[in-house]
Amino acid sequence: MNERPALVIIGGGMAGQRLLEALVAKGFQARTGLRIVLIGAEPAVGYNRILLSPLLAGEVERDALWGRPAEWYRAEGIELHRGDPVVAIDRSRRRLTTASGAGVNYHRLVIATGSRTRRVRVLGDAREGVSEFRTLGDVDALLEDDLVDLPVCVVGAGLLGLEAAEGLRQRGARVTVVHRGAWPMNRQLDAEGGRQLAARLASRGLAFELERTLAEMRADRGGRLQALKLDDGRWLEAQRLIHAAGIEANFELGRDAGLECGQGICVDDRLVSSDPLIHALGECCEHRGATFGLVEPIWAQVEVLAAVLCGEPGCFEPLPSATRLKISGIALYAFGDPCPCAGDRWLRYFDPGSGDYRALCLNGGVIRAGNLINDTRLGPAWYHHFLARTPVEPGDDWLFDAASIARPSQHQDPIEEIA
1 MNERPALVII GGGMAGQRLL EALVAKGFQA RTGLRIVLIG AEPAVGYNRI LLSPLLAGEV
61 ERDALWGRPA EWYRAEGIEL HRGDPVVAID RSRRRLTTAS GAGVNYHRLV IATGSRTRRV
121 RVLGDAREGV SEFRTLGDVD ALLEDDLVDL PVCVVGAGLL GLEAAEGLRQ RGARVTVVHR
181 GAWPMNRQLD AEGGRQLAAR LASRGLAFEL ERTLAEMRAD RGGRLQALKL DDGRWLEAQR
241 LIHAAGIEAN FELGRDAGLE CGQGICVDDR LVSSDPLIHA LGECCEHRGA TFGLVEPIWA
301 QVEVLAAVLC GEPGCFEPLP SATRLKISGI ALYAFGDPCP CAGDRWLRYF DPGSGDYRAL
361 CLNGGVIRAG NLINDTRLGP AWYHHFLART PVEPGDDWLF DAASIARPSQ HQDPIEEIA
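Taking the numbering used here, the leading residue of the sequence shown gets 1, the next gets one more, and so forth.
If you are wondering where the hints come from, they were derived from the structure by calculation, not from laboratory data. It cannot be assumed that every hint is accurate.
[Stated by the list, open to error] Each computed EDC-like pair below joins lysine to aspartate or glutamate, with the alpha-carbon atoms no more than 16 Å apart:
(1) LYS326 x GLU76
(2) LYS26 x GLU71
(3) LYS229 x GLU216
(4) LYS326 x ASP375
(5) LYS26 x GLU303
(6) LYS229 x ASP256
Values in this document were obtained by computation on a predicted structure and should not be read as measured data.
Hey, can you work out the whole structure from these sequences and the hints?
Listed below in C-alpha coordinates is the structure:
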(Lines of atoms letter the chains of each structure in order from A and count residues from 1; the text may use other names and numbers.)
(Lines give C-alpha, C1' and ligand atoms only; values in the text may rest on other atoms or scores of the structure.)
Protein backbone atom coordinates (compact mmCIF):
# COMPACT_ATOMS: atom_id res chain seq x y z
CA MET A 1 0.00 0.00 0.00
CA ASN A 2 1.02 3.64 -0.60
CA GLU A 3 2.57 4.84 2.65
CA ARG A 4 2.28 8.58 1.97
CA PRO A 5 0.59 10.06 5.11
CA ALA A 6 -3.13 9.41 4.95
CA LEU A 7 -6.45 10.52 6.22
CA VAL A 8 -8.28 7.22 6.68
CA ILE A 9 -12.06 7.08 6.81
CA ILE A 10 -13.49 3.89 8.31
CA GLY A 11 -16.99 3.39 6.95
CA GLY A 12 -18.33 3.50 3.41
CA GLY A 13 -21.88 4.56 4.24
CA MET A 14 -23.68 7.81 3.54
CA ALA A 15 -21.75 9.82 6.16
CA GLY A 16 -18.37 8.65 4.91
CA GLN A 17 -19.34 9.29 1.29
CA ARG A 18 -20.67 12.75 2.08
CA LEU A 19 -17.43 13.59 3.88
CA LEU A 20 -15.39 12.39 0.89
CA GLU A 21 -17.33 14.67 -1.44
CA ALA A 22 -16.98 17.64 0.90
CA LEU A 23 -13.23 17.09 1.17
CA VAL A 24 -12.85 16.80 -2.60
CA ALA A 25 -14.81 20.03 -3.05
CA LYS A 26 -12.43 21.78 -0.64
CA GLY A 27 -9.30 20.46 -2.36
CA PHE A 28 -8.26 18.62 0.81
CA GLN A 29 -5.43 16.55 -0.68
CA ALA A 30 -3.76 19.50 -2.36
CA ARG A 31 -4.14 21.67 0.74
CA THR A 32 -2.85 19.14 3.27
CA GLY A 33 -0.59 16.79 1.33
CA LEU A 34 -2.51 13.81 2.76
CA ARG A 35 -3.98 11.11 0.60
CA ILE A 36 -7.46 9.78 1.39
CA VAL A 37 -8.18 6.12 2.13
CA LEU A 38 -11.74 4.83 2.54
CA ILE A 39 -12.28 1.41 4.10
CA GLY A 40 -15.80 -0.03 3.89
CA ALA A 41 -17.05 -3.16 5.62
CA GLU A 42 -19.65 -3.83 2.90
CA PRO A 43 -18.81 -4.86 -0.66
CA ALA A 44 -20.72 -1.79 -1.85
CA VAL A 45 -19.78 1.70 -0.67
CA GLY A 46 -21.33 5.11 -1.10
CA TYR A 47 -24.88 3.95 -1.86
CA ASN A 48 -27.97 5.82 -0.73
CA ARG A 49 -29.59 3.90 2.12
CA ILE A 50 -32.67 6.10 1.90
CA LEU A 51 -33.50 4.37 -1.38
CA LEU A 52 -33.42 0.87 0.12
CA SER A 53 -37.16 1.02 0.84
CA PRO A 54 -38.10 2.02 -2.74
CA LEU A 55 -35.71 -0.69 -3.99
CA LEU A 56 -37.44 -3.28 -1.83
CA ALA A 57 -40.84 -2.06 -3.03
CA GLY A 58 -39.76 -2.25 -6.67
CA GLU A 59 -40.14 1.52 -7.16
CA VAL A 60 -36.52 2.14 -8.22
CA GLU A 61 -33.82 0.13 -9.94
CA ARG A 62 -30.63 -0.87 -8.16
CA ASP A 63 -28.54 1.57 -10.19
CA ALA A 64 -30.42 4.47 -8.60
CA LEU A 65 -28.64 3.85 -5.28
CA TRP A 66 -25.23 5.00 -6.52
CA GLY A 67 -24.33 8.64 -6.84
CA ARG A 68 -20.69 8.15 -7.89
CA PRO A 69 -19.22 5.55 -10.25
CA ALA A 70 -16.02 3.69 -9.42
CA GLU A 71 -14.14 5.92 -11.86
CA TRP A 72 -14.84 8.95 -9.65
CA TYR A 73 -12.80 7.53 -6.76
CA ARG A 74 -9.87 6.79 -9.05
CA ALA A 75 -10.05 10.20 -10.69
CA GLU A 76 -10.02 11.92 -7.32
CA GLY A 77 -7.09 9.85 -6.05
CA ILE A 78 -9.10 8.12 -3.33
CA GLU A 79 -7.80 4.72 -2.25
CA LEU A 80 -10.81 2.48 -1.84
CA HIS A 81 -11.00 -0.81 0.11
CA ARG A 82 -14.32 -2.66 0.15
CA GLY A 83 -15.65 -5.69 1.96
CA ASP A 84 -12.76 -5.80 4.42
CA PRO A 85 -13.78 -4.20 7.73
CA VAL A 86 -11.31 -2.71 10.18
CA VAL A 87 -11.09 -4.94 13.25
CA ALA A 88 -8.50 -3.12 15.38
CA ILE A 89 -7.01 0.33 15.89
CA ASP A 90 -3.49 0.58 17.31
CA ARG A 91 -3.37 4.20 18.46
CA SER A 92 0.25 4.07 19.61
CA ARG A 93 1.41 3.01 16.14
CA ARG A 94 -1.38 4.84 14.26
CA ARG A 95 -2.13 1.62 12.44
CA LEU A 96 -5.31 -0.20 11.51
CA THR A 97 -5.79 -3.91 10.95
CA THR A 98 -8.52 -5.25 8.69
CA ALA A 99 -10.31 -8.60 8.81
CA SER A 100 -8.07 -9.91 6.01
CA GLY A 101 -4.97 -9.04 8.03
CA ALA A 102 -4.01 -5.99 5.98
CA GLY A 103 -2.39 -3.09 7.83
CA VAL A 104 -3.11 0.56 7.05
CA ASN A 105 -1.27 3.48 8.66
CA TYR A 106 -3.06 6.74 9.34
CA HIS A 107 -2.03 10.31 10.04
CA ARG A 108 -5.61 11.35 10.87
CA LEU A 109 -8.52 8.98 11.32
CA VAL A 110 -12.29 9.35 10.93
CA ILE A 111 -14.54 6.61 12.32
CA ALA A 112 -17.88 6.60 10.50
CA THR A 113 -19.04 3.05 11.16
CA GLY A 114 -22.73 3.93 11.44
CA SER A 115 -25.20 1.84 13.36
CA ARG A 116 -26.93 -1.51 13.36
CA THR A 117 -30.47 -2.64 13.95
CA ARG A 118 -31.39 -3.19 17.57
CA ARG A 119 -32.68 -6.76 17.80
CA VAL A 120 -35.43 -7.61 20.26
CA ARG A 121 -34.93 -10.75 22.30
CA VAL A 122 -37.29 -13.59 21.46
CA LEU A 123 -37.26 -17.05 23.00
CA GLY A 124 -36.61 -19.92 20.66
CA ASP A 125 -34.15 -20.58 17.90
CA ALA A 126 -34.93 -20.18 14.23
CA ARG A 127 -31.84 -20.54 12.06
CA GLU A 128 -33.59 -19.37 8.90
CA GLY A 129 -36.09 -16.62 8.26
CA VAL A 130 -34.83 -14.04 10.78
CA SER A 131 -33.14 -10.94 9.38
CA GLU A 132 -32.85 -7.16 9.49
CA PHE A 133 -33.59 -4.23 7.23
CA ARG A 134 -30.52 -2.03 7.25
CA THR A 135 -28.13 -2.71 4.37
CA LEU A 136 -28.18 -3.46 0.67
CA GLY A 137 -27.26 -7.03 1.58
CA ASP A 138 -30.36 -7.25 3.78
CA VAL A 139 -32.57 -6.13 0.89
CA ASP A 140 -30.91 -8.51 -1.56
CA ALA A 141 -31.53 -11.39 0.85
CA LEU A 142 -35.21 -10.47 1.14
CA LEU A 143 -35.60 -10.24 -2.62
CA GLU A 144 -34.19 -13.76 -3.02
CA ASP A 145 -37.39 -15.07 -1.41
CA ASP A 146 -40.67 -15.55 -3.23
CA LEU A 147 -42.47 -12.87 -1.23
CA VAL A 148 -45.90 -13.30 -2.78
CA ASP A 149 -48.33 -14.36 -0.02
CA LEU A 150 -45.41 -14.96 2.36
CA PRO A 151 -46.41 -14.29 6.01
CA VAL A 152 -43.92 -11.74 7.36
CA CYS A 153 -43.65 -10.07 10.75
CA VAL A 154 -41.87 -6.72 11.08
CA VAL A 155 -40.92 -5.66 14.61
CA GLY A 156 -41.09 -1.91 15.06
CA ALA A 157 -43.42 0.75 13.63
CA GLY A 158 -40.91 3.56 13.54
CA LEU A 159 -39.45 4.99 10.34
CA LEU A 160 -37.40 1.92 9.49
CA GLY A 161 -40.10 -0.61 10.33
CA LEU A 162 -42.87 1.07 8.34
CA GLU A 163 -40.63 1.45 5.31
CA ALA A 164 -39.68 -2.23 5.45
CA ALA A 165 -43.28 -3.32 6.01
CA GLU A 166 -44.68 -1.30 3.15
CA GLY A 167 -41.94 -2.38 0.77
CA LEU A 168 -42.63 -6.03 1.57
CA ARG A 169 -46.38 -5.52 1.19
CA GLN A 170 -45.88 -4.02 -2.25
CA ARG A 171 -43.91 -7.14 -3.19
CA GLY A 172 -46.94 -9.24 -2.24
CA ALA A 173 -46.11 -10.36 1.29
CA ARG A 174 -48.74 -10.60 4.03
CA VAL A 175 -47.22 -8.26 6.60
CA THR A 176 -47.98 -7.84 10.28
CA VAL A 177 -46.24 -5.04 12.17
CA VAL A 178 -45.67 -5.67 15.88
CA HIS A 179 -45.04 -2.51 17.88
CA ARG A 180 -44.79 -1.94 21.61
CA GLY A 181 -46.14 1.62 21.28
CA ALA A 182 -49.82 2.54 21.20
CA TRP A 183 -49.54 3.94 17.67
CA PRO A 184 -47.00 3.92 14.81
CA MET A 185 -44.17 6.45 14.92
CA ASN A 186 -45.06 7.35 18.50
CA ARG A 187 -41.80 9.27 18.89
CA GLN A 188 -42.72 11.60 16.02
CA LEU A 189 -46.53 11.67 15.84
CA ASP A 190 -49.20 12.59 18.34
CA ALA A 191 -51.78 9.91 19.19
CA GLU A 192 -54.39 11.08 16.68
CA GLY A 193 -51.81 11.41 13.92
CA GLY A 194 -50.57 7.91 14.69
CA ARG A 195 -54.10 6.53 14.50
CA GLN A 196 -54.70 8.28 11.18
CA LEU A 197 -51.47 6.85 9.75
CA ALA A 198 -52.26 3.34 11.00
CA ALA A 199 -55.73 3.50 9.46
CA ARG A 200 -54.34 4.61 6.09
CA LEU A 201 -51.72 1.84 6.04
CA ALA A 202 -54.21 -0.78 7.25
CA SER A 203 -56.54 0.15 4.39
CA ARG A 204 -53.71 -0.80 2.03
CA GLY A 205 -53.20 -4.20 3.58
CA LEU A 206 -50.79 -3.85 6.51
CA ALA A 207 -51.88 -5.49 9.78
CA PHE A 208 -50.88 -3.97 13.13
CA GLU A 209 -50.39 -5.51 16.55
CA LEU A 210 -49.96 -2.43 18.74
CA GLU A 211 -48.92 -2.39 22.40
CA ARG A 212 -47.60 -5.89 21.84
CA THR A 213 -44.18 -7.56 21.95
CA LEU A 214 -42.89 -10.92 20.76
CA ALA A 215 -42.44 -13.66 23.34
CA GLU A 216 -41.41 -16.77 21.42
CA MET A 217 -40.61 -18.13 17.99
CA ARG A 218 -41.35 -21.58 16.60
CA ALA A 219 -39.36 -23.25 13.84
CA ASP A 220 -39.77 -26.46 11.86
CA ARG A 221 -37.31 -29.36 12.13
CA GLY A 222 -35.04 -27.72 9.61
CA GLY A 223 -34.80 -24.55 11.70
CA ARG A 224 -37.02 -22.46 9.43
CA LEU A 225 -39.26 -19.94 11.18
CA GLN A 226 -42.95 -20.90 11.17
CA ALA A 227 -44.75 -18.84 13.82
CA LEU A 228 -44.31 -16.14 16.47
CA LYS A 229 -46.02 -15.88 19.84
CA LEU A 230 -47.18 -12.49 21.09
CA ASP A 231 -46.97 -11.48 24.73
CA ASP A 232 -50.74 -11.99 25.09
CA GLY A 233 -50.40 -15.68 24.15
CA ARG A 234 -51.63 -15.52 20.55
CA TRP A 235 -49.58 -17.06 17.74
CA LEU A 236 -48.96 -15.38 14.39
CA GLU A 237 -48.07 -17.29 11.25
CA ALA A 238 -44.68 -15.95 10.16
CA GLN A 239 -42.06 -17.40 7.87
CA ARG A 240 -39.95 -14.25 7.99
CA LEU A 241 -39.13 -12.00 10.95
CA ILE A 242 -37.62 -8.58 10.19
CA HIS A 243 -36.04 -6.70 13.08
CA ALA A 244 -36.54 -2.95 12.61
CA ALA A 245 -37.09 -1.65 16.15
CA GLY A 246 -34.54 1.14 16.25
CA ILE A 247 -30.77 1.33 15.90
CA GLU A 248 -27.68 1.32 18.09
CA ALA A 249 -24.28 2.81 17.35
CA ASN A 250 -21.38 0.72 16.04
CA PHE A 251 -18.90 2.18 18.49
CA GLU A 252 -17.06 -0.96 19.63
CA LEU A 253 -14.06 -0.33 17.39
CA GLY A 254 -13.42 2.96 19.17
CA ARG A 255 -14.19 1.53 22.59
CA ASP A 256 -11.74 -1.33 22.11
CA ALA A 257 -9.08 1.20 21.09
CA GLY A 258 -9.56 2.98 24.40
CA LEU A 259 -11.56 5.97 23.19
CA GLU A 260 -14.08 7.53 25.55
CA CYS A 261 -17.50 6.12 24.74
CA GLY A 262 -21.06 6.29 26.03
CA GLN A 263 -23.83 5.23 23.66
CA GLY A 264 -21.39 6.13 20.89
CA ILE A 265 -17.85 7.43 20.49
CA CYS A 266 -17.78 10.69 22.44
CA VAL A 267 -16.77 13.76 20.42
CA ASP A 268 -16.51 17.48 21.08
CA ASP A 269 -17.91 20.35 19.00
CA ARG A 270 -15.18 19.78 16.39
CA LEU A 271 -16.05 16.07 16.14
CA VAL A 272 -12.75 15.17 17.84
CA SER A 273 -12.70 12.09 20.08
CA SER A 274 -10.68 11.67 23.26
CA ASP A 275 -7.69 11.05 20.93
CA PRO A 276 -6.87 14.33 19.12
CA LEU A 277 -5.95 12.44 15.93
CA ILE A 278 -9.26 10.55 15.74
CA HIS A 279 -12.66 11.92 14.79
CA ALA A 280 -16.04 10.21 14.82
CA LEU A 281 -18.92 11.07 12.51
CA GLY A 282 -22.56 10.17 12.07
CA GLU A 283 -24.54 7.45 13.79
CA CYS A 284 -21.54 5.99 15.62
CA CYS A 285 -20.72 9.19 17.52
CA GLU A 286 -22.11 10.77 20.66
CA HIS A 287 -22.13 14.55 21.10
CA ARG A 288 -23.19 16.15 24.38
CA GLY A 289 -24.88 12.92 25.40
CA ALA A 290 -26.90 12.57 22.18
CA THR A 291 -26.60 10.15 19.26
CA PHE A 292 -27.94 10.80 15.77
CA GLY A 293 -30.02 8.77 13.34
CA LEU A 294 -31.43 11.39 10.95
CA VAL A 295 -29.78 12.82 7.86
CA GLU A 296 -29.92 16.56 8.66
CA PRO A 297 -27.71 16.62 11.78
CA ILE A 298 -25.25 14.19 10.19
CA TRP A 299 -24.94 16.41 7.11
CA ALA A 300 -24.24 19.31 9.48
CA GLN A 301 -21.53 17.21 11.14
CA VAL A 302 -19.97 16.53 7.73
CA GLU A 303 -19.69 20.23 6.96
CA VAL A 304 -18.03 20.91 10.31
CA LEU A 305 -15.61 17.99 10.05
CA ALA A 306 -14.63 18.82 6.46
CA ALA A 307 -13.78 22.33 7.61
CA VAL A 308 -11.82 21.11 10.64
CA LEU A 309 -9.80 18.62 8.58
CA CYS A 310 -8.89 21.43 6.19
CA GLY A 311 -7.69 23.62 9.04
CA GLU A 312 -10.73 25.88 9.04
CA PRO A 313 -12.90 26.82 12.02
CA GLY A 314 -15.89 24.60 12.64
CA CYS A 315 -18.33 23.98 15.47
CA PHE A 316 -21.18 21.47 15.49
CA GLU A 317 -24.34 22.84 17.07
CA PRO A 318 -27.15 20.29 16.69
CA LEU A 319 -30.62 21.62 16.01
CA PRO A 320 -33.92 19.73 16.37
CA SER A 321 -34.59 17.91 13.11
CA ALA A 322 -37.74 17.52 11.11
CA THR A 323 -38.71 14.00 10.01
CA ARG A 324 -39.80 13.67 6.40
CA LEU A 325 -41.12 10.38 5.10
CA LYS A 326 -43.17 9.08 2.21
CA ILE A 327 -44.73 5.65 2.54
CA SER A 328 -46.59 4.41 -0.52
CA GLY A 329 -47.64 7.91 -1.45
CA ILE A 330 -48.46 9.01 2.09
CA ALA A 331 -46.30 12.01 2.96
CA LEU A 332 -45.36 12.79 6.57
CA TYR A 333 -43.67 15.79 8.18
CA ALA A 334 -43.03 15.87 11.92
CA PHE A 335 -40.87 17.82 14.34
CA GLY A 336 -40.64 18.44 18.05
CA ASP A 337 -41.70 16.12 20.87
CA PRO A 338 -45.30 14.84 20.67
CA CYS A 339 -45.31 13.58 24.28
CA PRO A 340 -47.74 15.58 26.47
CA CYS A 341 -46.26 18.44 28.46
CA ALA A 342 -47.83 20.79 31.02
CA GLY A 343 -49.23 23.86 29.31
CA ASP A 344 -49.68 22.24 25.89
CA ARG A 345 -52.43 23.47 23.60
CA TRP A 346 -52.99 21.31 20.54
CA LEU A 347 -54.64 22.60 17.36
CA ARG A 348 -55.81 19.85 15.03
CA TYR A 349 -57.30 19.76 11.57
CA PHE A 350 -58.57 16.72 9.70
CA ASP A 351 -60.11 16.54 6.24
CA PRO A 352 -61.63 13.08 5.75
CA GLY A 353 -62.17 13.83 2.06
CA SER A 354 -58.50 14.27 1.26
CA GLY A 355 -56.95 12.49 4.25
CA ASP A 356 -55.05 15.64 5.25
CA TYR A 357 -54.13 15.78 8.94
CA ARG A 358 -52.40 18.68 10.68
CA ALA A 359 -51.61 18.98 14.36
CA LEU A 360 -49.75 21.84 15.98
CA CYS A 361 -48.73 22.04 19.64
CA LEU A 362 -48.36 25.47 21.23
CA ASN A 363 -46.82 25.99 24.63
CA GLY A 364 -45.98 29.28 26.28
CA GLY A 365 -46.90 31.17 23.12
CA VAL A 366 -44.49 29.27 20.82
CA ILE A 367 -44.66 26.15 18.65
CA ARG A 368 -43.46 23.03 20.49
CA ALA A 369 -44.29 20.27 17.98
CA GLY A 370 -46.01 19.74 14.65
CA ASN A 371 -47.35 16.83 12.61
CA LEU A 372 -48.65 16.81 9.04
CA ILE A 373 -49.90 13.83 7.04
CA ASN A 374 -50.64 13.78 3.32
CA ASP A 375 -50.46 17.52 2.49
CA THR A 376 -47.22 18.58 4.19
CA ARG A 377 -46.62 21.93 2.50
CA LEU A 378 -47.16 23.90 5.70
CA GLY A 379 -44.44 21.86 7.42
CA PRO A 380 -41.38 23.96 6.53
CA ALA A 381 -43.13 27.19 7.63
CA TRP A 382 -44.13 25.63 10.96
CA TYR A 383 -40.64 24.24 11.42
CA HIS A 384 -39.02 27.61 10.72
CA HIS A 385 -41.11 29.28 13.44
CA PHE A 386 -40.47 26.33 15.76
CA LEU A 387 -36.71 26.83 15.45
CA ALA A 388 -36.99 30.62 15.78
CA ARG A 389 -39.39 30.33 18.74
CA THR A 390 -41.60 32.92 17.09
CA PRO A 391 -44.51 34.02 19.34
CA VAL A 392 -47.76 32.81 17.82
CA GLU A 393 -51.46 32.91 18.63
CA PRO A 394 -53.94 30.09 17.93
CA GLY A 395 -55.90 32.43 15.67
CA ASP A 396 -52.98 33.47 13.45
CA ASP A 397 -54.10 33.00 9.86
CA TRP A 398 -50.84 31.52 8.59
CA LEU A 399 -50.94 28.59 11.03
CA PHE A 400 -53.66 26.76 9.08
CA ASP A 401 -53.88 28.91 5.98
CA ALA A 402 -55.33 26.16 3.82
CA ALA A 403 -56.63 28.67 1.28
CA SER A 404 -53.14 29.81 0.33
CA ILE A 405 -51.33 26.49 0.75
CA ALA A 406 -53.81 23.87 -0.40
CA ARG A 407 -57.45 24.14 -1.38
CA PRO A 408 -59.43 22.16 1.25
CA SER A 409 -62.03 19.72 0.04
CA GLN A 410 -65.74 20.24 0.59
CA HIS A 411 -65.63 17.58 3.34
CA GLN A 412 -63.25 19.46 5.61
CA ASP A 413 -63.80 19.41 9.36
CA PRO A 414 -63.12 22.55 11.40
CA ILE A 415 -59.92 22.85 13.40
CA GLU A 416 -60.31 21.10 16.71
CA GLU A 417 -58.74 23.02 19.58
CA ILE A 418 -57.73 20.87 22.53
CA ALA A 419 -56.30 22.28 25.74
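Tested hints:
1. LYS326 x GLU76: violated, 35 Å
2. LYS26 x GLU71: Violated. LYS26 to GLU71 sits at ~19 Å, over the 16 Å cutoff.
3. LYS229 x GLU216: holds, 5 Å
4. LYS326 x ASP375: OK: LYS326 and ASP375 at ~11 Å, within 16 Å.
5. LYS26 x GLU303: holds, 11 Å
6. LYS229 x ASP256: The given pair, whose Cα atoms are some 37 Å apart, is violated under the 16 Å limit.
The earlier numbered hints that this structure contradicts are 1, 2, 6.
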